[in-house]
Each structure stands twice: as C-alpha cells, then as structure tokens.
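Asker: Letter by letter, the chains look like this.
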Amino acid sequence: MPNEIKKYVQKLIAKGVREDGRKMDEYRDIKIEYNVSAKSAEGSARVTIGDTVVVAGIKLDMGTPFPDRPGEGTIMVNAELLPLSSPDFESGPPSIESIELSRVVDRGIRESKAIDFTKLCVKKGEKVWLVFIDIYPINDAGNLFDAAALAAMAALTTARFPKYDEKTELVDYYTRTDKPLELEKKPISITVLKIGDKILVDPTDREWKAYDARITVASLENGNISAMQKGGETPLSPEEIDKMIELGIAKAKELRKVLDKK
Amino acid sequence: MTYAKREDGRKFDELRPMEAKVGVIPRADGSAMFKIGKTIAYAAVYGPKALHPTHLRNPETGIIRCNYNMMSFSGSGDRIRPGPSRRSKEINLVMAKALSPVMDLSDYPNTVVDVFVELLQTDAGTRCAGITAASLALADAGIAMKDLVVAFAVGKVGDKVVVDLDYSEESFEEGATDIPIAVMPRTGKLTLLQLDGDITREEIKEALEKSKKAVKQLYDVQKEALKAKYEEK
Numbered sequence: 005m006p007n008e009i010k011k012y013v014q015k016l017i018a019k020g021v022r023e024d025g026r027k028m029d030e031y032r033d034i035k036i037e038y039n040v041s042a043k044s045a046e047g048s049a050r051v052t053i054g055d056t057v058v059v060a061g062i063k064l065d066m067g068t069p070f071p072d073r074p075g076e077g078t079i080m081v082n083a084e085l086l087p088l089s090s091p092d093f094e095s096g097p098p099s100i101e102s103i104e105l106s107r108v109v110d111r112g113i114r115e116s117k118a119i120d121f122t123k124l125c126v127k128k129g130e131k132v133w134l135v136f137i138d139i140y141p142i143n144d145a146g147n148l149f150d151a152a153a154l155a156a157m158a159a160l161t162t163a164r165f166p167k168y169d170e171k172t173e174l175v176d177y178y179t180r181t182d183k184p185l186e187l188e189k190k191p192i193s194i195t196v197l198k199i200g201d202k203i204l205v206d207p208t209d210r211e212w213k214a215y216d217a218r219i220t221v222a223s224l225e226n227g228n229i230s231a232m233q234k235g236g237e238t239p240l241s242p243e244e245i246d247k248m249i250e251l252g253i254a255k256a257k258e259l260r261k262v263l264d265k266k
Numbered sequence: 022m023t024y025a026k027r028e029d030g031r032k033f034d035e036l037r038p039m040e041a042k043v044g045v046i047p048r049a050d051g052s053a054m055f056k057i058g059k060t061i062a063y064a065a066v067y068g069p070k071a072l073h074p075t076h077l078r079n080p081e082t083g084i085i086r087c088n089y090n091m092m093s094f095s096g097s098g099d100r101i102r103p104g105p106s107r108r109s110k111e112i113n114l115v116m117a118k119a120l121s122p123v124m125d126l127s128d129y130p131n132t133v134v135d136v137f138v139e140l141l142q143t144d145a146g147t148r149c150a151g152i153t154a155a156s157l158a159l160a161d162a163g164i165a166m167k168d169l170v171v172a173f174a175v176g177k178v179g180d181k182v183v184v185d186l187d188y189s190e191e192s193f194e195e196g197a198t199d200i201p202i203a204v205m206p207r208t209g210k211l212t213l214l215q216l217d218g219d220i221t222r223e224e225i226k227e228a229l230e231k232s233k234k235a236v237k238q239l240y241d242v243q244k245e246a247l248k249a250k251y252e253e254k
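First to last, the protein sequences are chains S and Y. Remember, the numbering used here sits 4 above the position in the first sequence when you count from 1. Remember, the numbering used here sits 21 above the position in the second sequence when you count from 1.
Chain S extracted, bound-state conformation (with noise of 0.2 Å):
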C-alpha cells in the first residue's frame, strides 16, 4: 500500500477518526451463516465481519496417534490467504502470514482445551479422530484474524461425526451420525491494534497496515486468556498491554453472544 494511505490512516486516527465513522472500540455488523458447505463438510459456516468474508469448513478424519500421546486425538488448522480474496495475496507455497493466521488460531482453541483430545480418541495408540480445520478468506477487509478465529469455532459447532466402521478401519463419509463433536469451551479472538497512541479493534484492511504493533487475545466465558499473540515492530509497555487485553476481553463478550445466538 502506499505510504501516503498509510499515513492519512495514521493522521486520521491521532484525531480519534476512523475512516468508515466508527469508534476505536467499536465492531462493524457480524453475520454467522451455518453449514455452508454441508455436502461434503463435517462441519462448516461462514463469517462476514462488514465487508470481510471468511469461511471455515471441517474434516473428520481417522489416524494413528502421537507416539507420546496414544490416548489423544489432535486438531490441525490450516488457513490459506487466497488470492481470490485480495490483490495483496499472491499463488503459492503458504506464506508466513498464512502460517502465523493458522497458528494463531490453533492455539486459542487448543490451548483453552475446547476440544476434550481423549475424547477423540477410539482405540488406544491406534485410531484417534484427527480434526481437520481449514479456513479461506473470500474477500479481506481487514480482521482476518478474528474472522478466521470465529469462522472456526462457528464450524466446530455444526460439527457431526461420519459414521466409522470398526471392521474396515474405514470412515464412511456418506454417513454422517447425529453425534456432535462436543466443545467443552468456546474462545473467541479479539485483536487489539495500536495505531500511534490510540488502541481500536475490528480494523479494516487498510487500518490493518497502518499499525505499529497488535495482540490477538483469545479469552474464554470466565475471562481467563487461553492465547495471545503480539504482532508489529513496536514495543508495548506492559500497561499498554493490559488495556489491550482488557478491551480484547471485552470485545469477546460481545462476540461470543453472536456465536451463542445459534
């Protein structure tokens, strides 16, 4: 982007103005759309955060467990910024945008436990359920972070086990069960951007490039923080950092009643 826009971004907001008229704190509309791809998903919904459209789809799919964790099933995520989505993305190998995106995303949802991994488990150090949890943008004004976080946990819920044939050791894909894939917590992804001396949220794509540093906070019901991550080249004093959760904290109260409104 050029650094004119860049700028004007940066100058609008030491004035406490946003481009599209919002508050630093305030989200644009969010809609949740379920089973989007109900064909062949096992679970999947698409996220708009204003102009920014994310969708999410899960796999379920049979494998052989970590060695050093015979009783777990895990979760893989994998999210690919597509050049359908924006001029800014090119084809190719993943880029270290994609891979941060998908790692961001995997922590908040493992590491808050929202998935029980014993429970994936069918036979001890054998076959455990391994679940597949691939996200794409299909158009990028900005939030990425947060749309992709929330597309997931969104997908998570309409999540239905196919059916598994013991005798086979074959999963049929054209049989799906009513058994839900249980989520024991659901985290939601705030991140929180400081642009000069001022902190917003929900940042559209060219807010996204004018900042000087950001943290994702991925926090839970009770508030207690099961991810973070910082971003930018600029340090934040860690009385920066705790307003930072705080709104971040904040805002997920709010997000999560959309994802609760199902």
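Each statement offered as a hint is correct.
In silico DSSO-like links for lysine-lysine, alpha-carbon gap of 27 Å or less:
#, chain 1, residue 1, chain 2, residue 2
1, Y, K32, S, K43
2, S, K183, Y, K59
3, S, K167, S, K190
4, S, K167, Y, K59
5, Y, K32, Y, K56
6, Y, K42, S, K43
7, S, K10, S, K213
It should be emphasised that the hints constitute simulated quantities derived from the structure, not laboratory data. Bear in mind that the values here come from a model prediction, so they are computed numbers and not experimental data.
Once you have looked at the hints, place chain Y on chain S.
Answerer: Here is chain Y on its own, set in the frame of chain S:
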C-alpha cells in the same frame, strides 16, 4: 442399463436450480458467486495488470490466466490436500481456453487478467460452474467481452442422454458419460469440450441438441445477476 428417472426428479434436459450474484468480493476488480444444485463456486478477477514472470508476456495482447481450487473440505469423501494437483492444472488450462475467445485484450499488451475460482461445496460440474462464475466476474470487472460464456455438462447416464449431471449420475454404476461444455450463447459455438465415458456419435449430437435450451436458461440467469447489481443501487 436403464435409467428411468432422475433421482432428484429433474427432466432429462433440465438444469439443477441455480443462483448467481455478482460483486460478492468487493476487493476484487470483478467477482461472482454461482450455485448450481449443491455445487457452489466463487470467482474473482484481478487485472489487467503487469504479467509476472515477464517471459510469459505477450507484446501483442494481454492474456487470461485461471486458477481453480477446491477447498479442502469441499470434495466427496476424504479431505483434499491443499495445493495444486495435475487435475487442477489441467482445469486451469481448459478454463482459460474456454474464456479467452470472448475476450479482446489487445489493448493491454504484456498484461494478465487473473481469474481465481474457489469451490466451497461440490456435487459434480465444478469446472463448468467455475467457468460460468468466471464469465460473470469478468463482466463485473468491466472488461470488454464479445459475449458471456455459459458452461455445464451434458452426457449419458445409463441409456439416457441428459443435461447437467450431478455426482450420483456421474458415478452411476452401470456407466455414465460426462461431457463438460462451454458455449458462447450469442453464436452457439463451443469453447470447451471434454468427454469421458462411452457414447456414440449420434448420442453426442443428441446431447448437444438438448443443451440448447439449457444454454439459453443459464444465459438468462447470468444476465439477471449482472442487472441485479445495478438495480439494487
């Protein structure tokens, strides 16, 4: 070998229910969503813009480049590994060939128009849904076109010549022939033709004859979608 009735109750020359919308990806220069039955395709267009790598540049004209991808969870059965496959690479090629005849990029030498197609859910006919969506996205981008392009499959299921096979028909136990076609509606000429199966010359003729009604219907769906974007505002 008899296929007396279609599972979903359609007539043998009937397309599945369709939905089309343009401008669904505001960050792209042009975009569209196209749904036919349970197959859902998104398409986005970027360009014309400078082509990289430069050795692919054509000083006489711009070129069109397609990028087809099925989301990992969108297949029938197992999860699909991310990244290009031999299948998707071939589809990129035939999609570009299906679309380029309606384009005139001679005013934009050394450039590329990138077309990205993503499948959210699939029930056969994905390359055709992709071409139909891409054609809409190109029009939405305001790139000069001689015509739109509509695409769907014709073929044979058991003993019946049919239009728009779904997955259950494509994998019909007693045999099916799948013929994906793309057509320029104004001239009726074909820009995509592939076939796999077992079919006679007469049956191909019959299938192409039966496709004519569907071409018109799909063309109408496209025109409505393009008009709808401007009527809303």
